[in-house]
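**Student:** Line by line, the protein sequences give chains R and B.
Using the UniProt record's numbering, the letters of the first sequence map in sequence onto residues 1 to 558.
Using the UniProt record's numbering, the letters of the second sequence map in sequence onto residues 1 to 558.
Read the hints as simulated data drawn from the structure, not as lab findings.
Any given hint could be a false lead.
A pair counts as met if it fits within one copy or between any two copies, since identical chains are not told apart.
Straight line, CA to CA, 20 Å or less: simulated EDC-like cross-link-like pairs of lysine to aspartate or glutamate [as the list claims (entries may be wrong)]:
| # | residue 1 | residue 2 |
| --- | --- | --- |
| 1 | K368 | D436 |
| 2 | K356 | E417 |
| 3 | K390 | D432 |
| 4 | K368 | E66 |
| 5 | K356 | E423 |
| 6 | K506 | E455 |
| 7 | K291 | D69 |
| 8 | K462 | D501 |
| 9 | K13 | D525 |
| 10 | K462 | E310 |
| 11 | K364 | E344 |
| 12 | K462 | D500 |
2 protein chains.
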Amino acid sequence: MPNAVFDPPELAKGTLRVTPIGGLGEVGRNMTTFEIDGKILIVDCGVLFPEEYQPGVDLILPDMSELKDRLDDVLGVVLTHGHEDHIGAVPYLLRMRSDIPIIGSGLTLALTEAKLKEHRIKPYSLTVKEGQTEQLGPFELEFVAVNHSIPDALAVAIKTEAGTVLATGDFKMDQLPLDGRITDLRSFARLGADGVDLFLVDSTNADVPGFTPLERSIGPVLDQVIARAPRRVIVASFSSHVHRVQQVLDAAHANGRRVALLGRSMVRNMTIAADLGYLRVPEGVLIDYKKATDIPDDKIVYMSTGSQGEPMAVLSRMANLDHAIEPGPGDTVILASSQIPGNESAIYRVIDGLTKLGATVVHKGNAKVHVSGHAAAGELLYCYNILKPKNVLPVHGEYRHLIANAKLAQDTGIAEENTFLAENGTVLDLKDGHVDVVGQLDLGFVYVDGASVGEITDADLKDRRILGEEGFISIIVVVEAQTGRVVSGPEIHARGFAEDDAVFDKVRPKIVSALAEAAGNGVRDQHALQQVVRRTVGRWVNTSYRRRPMIVPLVIEA
Amino acid sequence: MPNAVFDPPELAKGTLRVTPIGGLGEVGRNMTTFEIDGKILIVDCGVLFPEEYQPGVDLILPDMSELKDRLDDVLGVVLTHGHEDHIGAVPYLLRMRSDIPIIGSGLTLALTEAKLKEHRIKPYSLTVKEGQTEQLGPFELEFVAVNHSIPDALAVAIKTEAGTVLATGDFKMDQLPLDGRITDLRSFARLGADGVDLFLVDSTNADVPGFTPLERSIGPVLDQVIARAPRRVIVASFSSHVHRVQQVLDAAHANGRRVALLGRSMVRNMTIAADLGYLRVPEGVLIDYKKATDIPDDKIVYMSTGSQGEPMAVLSRMANLDHAIEPGPGDTVILASSQIPGNESAIYRVIDGLTKLGATVVHKGNAKVHVSGHAAAGELLYCYNILKPKNVLPVHGEYRHLIANAKLAQDTGIAEENTFLAENGTVLDLKDGHVDVVGQLDLGFVYVDGASVGEITDADLKDRRILGEEGFISIIVVVEAQTGRVVSGPEIHARGFAEDDAVFDKVRPKIVSALAEAAGNGVRDQHALQQVVRRTVGRWVNTSYRRRPMIVPLVIEA
Numbered sequence: 001m002p003n004a005v006f007d008p009p010e011l012a013k014g015t016l017r018v019t020p021i022g023g024l025g026e027v028g029r030n031m032t033t034f035e036i037d038g039k040i041l042i043v044d045c046g047v048l049f050p051e052e053y054q055p056g057v058d059l060i061l062p063d064m065s066e067l068k069d070r071l072d073d074v075l076g077v078v079l080t081h082g083h084e085d086h087i088g089a090v091p092y093l094l095r096m097r098s099d100i101p102i103i104g105s106g107l108t109l110a111l112t113e114a115k116l117k118e119h120r121i122k123p124y125s126l127t128v129k130e131g132q133t134e135q136l137g138p139f140e141l142e143f144v145a146v147n148h149s150i151p152d153a154l155a156v157a158i159k160t161e162a163g164t165v166l167a168t169g170d171f172k173m174d175q176l177p178l179d180g181r182i183t184d185l186r187s188f189a190r191l192g193a194d195g196v197d198l199f200l201v202d203s204t205n206a207d208v209p210g211f212t213p214l215e216r217s218i219g220p221v222l223d224q225v226i227a228r229a230p231r232r233v234i235v236a237s238f239s240s241h242v243h244r245v246q247q248v249l250d251a252a253h254a255n256g257r258r259v260a261l262l263g264r265s266m267v268r269n270m271t272i273a274a275d276l277g278y279l280r281v282p283e284g285v286l287i288d289y290k291k292a293t294d295i296p297d298d299k300i301v302y303m304s305t306g307s308q309g310e311p312m313a314v315l316s317r318m319a320n321l322d323h324a325i326e327p328g329p330g331d332t333v334i335l336a337s338s339q340i341p342g343n344e345s346a347i348y349r350v351i352d353g354l355t356k357l358g359a360t361v362v363h364k365g366n367a368k369v370h371v372s373g374h375a376a377a378g379e380l381l382y383c384y385n386i387l388k389p390k391n392v393l394p395v396h397g398e399y400r401h402l403i404a405n406a407k408l409a410q411d412t413g414i415a416e417e418n419t420f421l422a423e424n425g426t427v428l429d430l431k432d433g434h435v436d437v438v439g440q441l442d443l444g445f446v447y448v449d450g451a452s453v454g455e456i457t458d459a460d461l462k463d464r465r466i467l468g469e470e471g472f473i474s475i476i477v478v479v480e481a482q483t484g485r486v487v488s489g490p491e492i493h494a495r496g497f498a499e500d501d502a503v504f505d506k507v508r509p510k511i512v513s514a515l516a517e518a519a520g521n522g523v524r525d526q527h528a529l530q531q532v533v534r535r536t537v538g539r540w541v542n543t544s545y546r547r548r549p550m551i552v553p554l555v556i557e558a
Numbered sequence: 001m002p003n004a005v006f007d008p009p010e011l012a013k014g015t016l017r018v019t020p021i022g023g024l025g026e027v028g029r030n031m032t033t034f035e036i037d038g039k040i041l042i043v044d045c046g047v048l049f050p051e052e053y054q055p056g057v058d059l060i061l062p063d064m065s066e067l068k069d070r071l072d073d074v075l076g077v078v079l080t081h082g083h084e085d086h087i088g089a090v091p092y093l094l095r096m097r098s099d100i101p102i103i104g105s106g107l108t109l110a111l112t113e114a115k116l117k118e119h120r121i122k123p124y125s126l127t128v129k130e131g132q133t134e135q136l137g138p139f140e141l142e143f144v145a146v147n148h149s150i151p152d153a154l155a156v157a158i159k160t161e162a163g164t165v166l167a168t169g170d171f172k173m174d175q176l177p178l179d180g181r182i183t184d185l186r187s188f189a190r191l192g193a194d195g196v197d198l199f200l201v202d203s204t205n206a207d208v209p210g211f212t213p214l215e216r217s218i219g220p221v222l223d224q225v226i227a228r229a230p231r232r233v234i235v236a237s238f239s240s241h242v243h244r245v246q247q248v249l250d251a252a253h254a255n256g257r258r259v260a261l262l263g264r265s266m267v268r269n270m271t272i273a274a275d276l277g278y279l280r281v282p283e284g285v286l287i288d289y290k291k292a293t294d295i296p297d298d299k300i301v302y303m304s305t306g307s308q309g310e311p312m313a314v315l316s317r318m319a320n321l322d323h324a325i326e327p328g329p330g331d332t333v334i335l336a337s338s339q340i341p342g343n344e345s346a347i348y349r350v351i352d353g354l355t356k357l358g359a360t361v362v363h364k365g366n367a368k369v370h371v372s373g374h375a376a377a378g379e380l381l382y383c384y385n386i387l388k389p390k391n392v393l394p395v396h397g398e399y400r401h402l403i404a405n406a407k408l409a410q411d412t413g414i415a416e417e418n419t420f421l422a423e424n425g426t427v428l429d430l431k432d433g434h435v436d437v438v439g440q441l442d443l444g445f446v447y448v449d450g451a452s453v454g455e456i457t458d459a460d461l462k463d464r465r466i467l468g469e470e471g472f473i474s475i476i477v478v479v480e481a482q483t484g485r486v487v488s489g490p491e492i493h494a495r496g497f498a499e500d501d502a503v504f505d506k507v508r509p510k511i512v513s514a515l516a517e518a519a520g521n522g523v524r525d526q527h528a529l530q531q532v533v534r535r536t537v538g539r540w541v542n543t544s545y546r547r548r549p550m551i552v553p554l555v556i557e558a
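Pulled out of the complex, with its shape left as it was, chain R reads as follows (with noise of 0.2 Å):
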């Protein structure tokens, strides 16, 4: 690993290609591909966020330079659930084609037209609901409700002639859920019974033991919080999780307490599942962020985004006092919500900001007031036992956890030779019920970058990262085109070393001998002499200092 690049075979007809294109090895960017007899499905089209070796980087997209050729054959796009690493890159897609019809839930549509309003395209789109069938072309599609983090997400079913496949999408199986809408075993059981020859499963949790404890386990935490604070309440929170705002609503309706909401994001999520019924909001909890203020400290309660401690988000800004809402002594935070990895320095510098300005600070180090959205291992045994598929990819994780499903599976009886552990590219034929791995194509990262998508390359993200650590040195040397005898400078600025300009006082002569020795030897040519000056003043650089900043060398002729 990772596997070498092979082309698969051209598609013979009746045989279903399964090619995962983002989320594998990986936590974001779900997207795979459905082809069968020319015609392709899509199922998810997520973006990823971007790690610290990732710097400026805004979001990562799936490679889909595949699909660029192949975008007539595409029938449609099924999304499963409305977070970001599986509808984020819907724009990027139709910008590319933008009558691809998008296929989902009420909620998951609507959160992507929103989205994709931002971005001026208005889409085609065909809004189901679990227990529902469609054919599109080749492929009949029968959605399985399925229960999340965020509500109406779906599985869904993929029968072709070739066979039937389950995707799970992202899903976990709290038995007793806020909207009572559980994940859909008795179909699980059905599609089992009738034959499913691949499932695609969530993975996100296959290494955590156990079971997912139940969303409403958070309820009387919030509750008995909120009864205690003697001043303000500020909860942040994921700004997709409804049911968590669901609960803070009814927390604060329960204590007299009025509800504000904070933050673009959560203002514009909460309007959206309130005006499609997935939020109840009971009378007159609600009051605008600008008017509470007049409301007293111990009567309100602010819903807020900036829980992964994002830097531009209100929490954040709260706690660098850069907020019209002052957090101070009695005030209580609570961050009901999970600590992404990577996360945690930003998370912890929030939570220390908040608490030095005398905040009381709740969150899942200190209490109960956060649950996942995954299925655990637990939870998993239940899927493969009453699903009991002949073939398994595990999708939605990095190699760990992908592992750790493989070996759920195995447990439950699946044998080794039909548990799949793929990678983005790995491309997938199945007829008669048989899995083969057939090709391995060769993704990459498709960074969004400001306005520019796919510019900047990992040779730019290594030169910020040399940069980012380093700094830079230019050297700007003006010579005589006929001679090489330097006429002006050495200048040299420096940006992130030392922008003293005395410390250059040493190198300079250095760089006009050193000049002086490759003229004299006849060099002429300004990139080798260029070098020169970047071989004196990196090895000088190297000895005094013990650095290796970028060194920017500028030889022009006069």
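Given the coordinates of chain R, assemble chain B onto it according to the supplied hints.
**Tutor:** Just chain B, lined up with the frame of chain R:
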């Protein structure tokens, strides 16, 4: 908060002045000064490891600027234990005056001396033991055994004419430690009965409810994992955690395996620990790692560094197949360590890499293979109750930890006005059992960056962050001195932004015309012309790319 800076008054004779200069509001660079009658005692002198917003920095030192003019008054440095955050800055202190005596336990001094040797400093040192008292000018020091995640840790009672201070250093209260050396609550009781006027107490785990589990609870887990491991076992932990390594040696020995130490600091520290008798090496268990390949795979345990995902440490290199030992199927890797906040992404990257290679990875998340080295809330309550200090200064921790610790003190009946929430540089005067905050020094971060100490500024780090996120564009234009007319260029170079030169074709004419306009308006000053270039390019890149790279203009007169 942060406290307003104000100068302390001159120190009156017979008053003890306590100034924490590192370790408050942060986990690291612990250092406190004590002054009475013109003489200064220092307790601890550690380093802080940089966070991601301090890119390229190697270490952060306490700001010792106030000490620079007082070096001759320093009588000694007490080092409570041998961790980097308590001893790491000693070389930088001794660079200022190399004959400041260092005082500590046998292991603490051995580790400090090994570090000083790398800096070619041979210190004056005084080895002390628990129960021992030493008179150092106006300071009478009594050393008290405490238990921590490194052997031979000491608390120190500092008795002066002005009153008695007890500083715990880092500690916990394991009641059945491997070496039988518990935190000496009998001495705490005696000191408390005699009267402790100020208690400096470790806050690291003050917000963790309950009690830290026993270190020895890990042994049986290690034993089980090793017993079941079919091939090689690789254990990673902190290179100073003698008792963790002891348990690995014992478990390996019990399972008929030999142990090879990997990683420079692991080998160095364990050699010291074994030589001094802190590590008991079962006869014939240790083997040089070069000979370890001669041993069957199921008879070897590698004990390595890299448990925090450090990219250059052994474990990361193994995960990247950049080490002679290449993990594979059947191998078991145990991370017997914590996940220090900020390191999670790096740690999971290593776990994922190892898993992908086929190894089974056992870590804190899936087995009880780590316990903390710090007293949790329950233990701290015991401390306060047995000591009954007059005043409390929580130290060693982020603000949330200090605040949690102060609350625990108050829970045991210590008045709020006797618990001090201080920052680095807060000056506290003690006399007759009373503590007053009398000043707030303006202390900063001192960055070690390659060979430089204190030269890199926060402005440099800000530049690095911008460079690292956005890259830079440099523009060189040669103008005619008399007319301001562009005679050569603009030559544009960019790194970390877009390295395709063609993207700049659109902005070159804009630069030329902006400079022509400025020249027409009589602008000749180089700085002003550079500002014209900066604004022109900045506006273009922001409009076209929605990015803000660093723009480095240079206008040269020819």
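**Student:** Work down the list of hints and note, for each, if the structure agrees.
**Tutor:** The hints, checked one at a time:
1. With identical chains, the CA atoms of K368 and D436 are never at most 20 Å apart, being 44 Å at best within one copy and 39 Å at best between copies.
2. Proximity of K356 to E417 under the C-alpha cut-off of 20 Å is restricted to the inter-copy arrangement: shortest distance 17 Å between copies versus 56 Å within a copy.
3. Taking the shortest Cα distances, K390 and D432 sit within 20 Å of each other inside one copy (11 Å), while across copies they are farther apart (80 Å).
4. With identical chains, the CA atoms of K368 and E66 are never at most 20 Å apart, being 45 Å at best within one copy and 45 Å at best between copies.
5. In this assembly of identical chains, the alpha carbons of K356 and E423 lie at most 20 Å apart only when taken from different copies (11 Å versus 45 Å within one copy).
6. For a Cα distance limit of 20 Å, the shortest separation of K506 from E455 across copies, 17 Å, qualifies, whereas the shortest one inside one copy, 39 Å, does not.
7. For a Cα distance limit of 20 Å, the shortest separation of K291 from D69 qualifies neither inside one copy, at 53 Å, nor across copies, at 56 Å.
8. Taking the closest pair of Cα atoms, K462 and D501 come within 20 Å of each other only across two copies (18 Å); inside a single copy the shortest separation is 27 Å, beyond that limit.
9. Proximity of K13 to D525 under the C-alpha cut-off of 20 Å is found in neither arrangement, the shortest distances being 59 Å within a copy and 73 Å between copies.
10. Taking the shortest alpha-carbon separations for K462 and E310, only the inter-copy value of 18 Å comes in at or below 20 Å, while the best intra-copy value is 24 Å.
11. Taking CA atoms no more than 20 Å apart as the test, K364 paired with E344 passes in both settings, with 12 Å inside one copy and 16 Å between copies.
12. In this homomeric assembly, K462 and D500 come within 20 Å of each other (Cα to Cα) only across copies, at 15 Å, whereas the closest approach inside a single copy is 26 Å.
Comparing the model with each earlier hint shows violations of hints 1, 4, 7 and 9; every other hint is respected.
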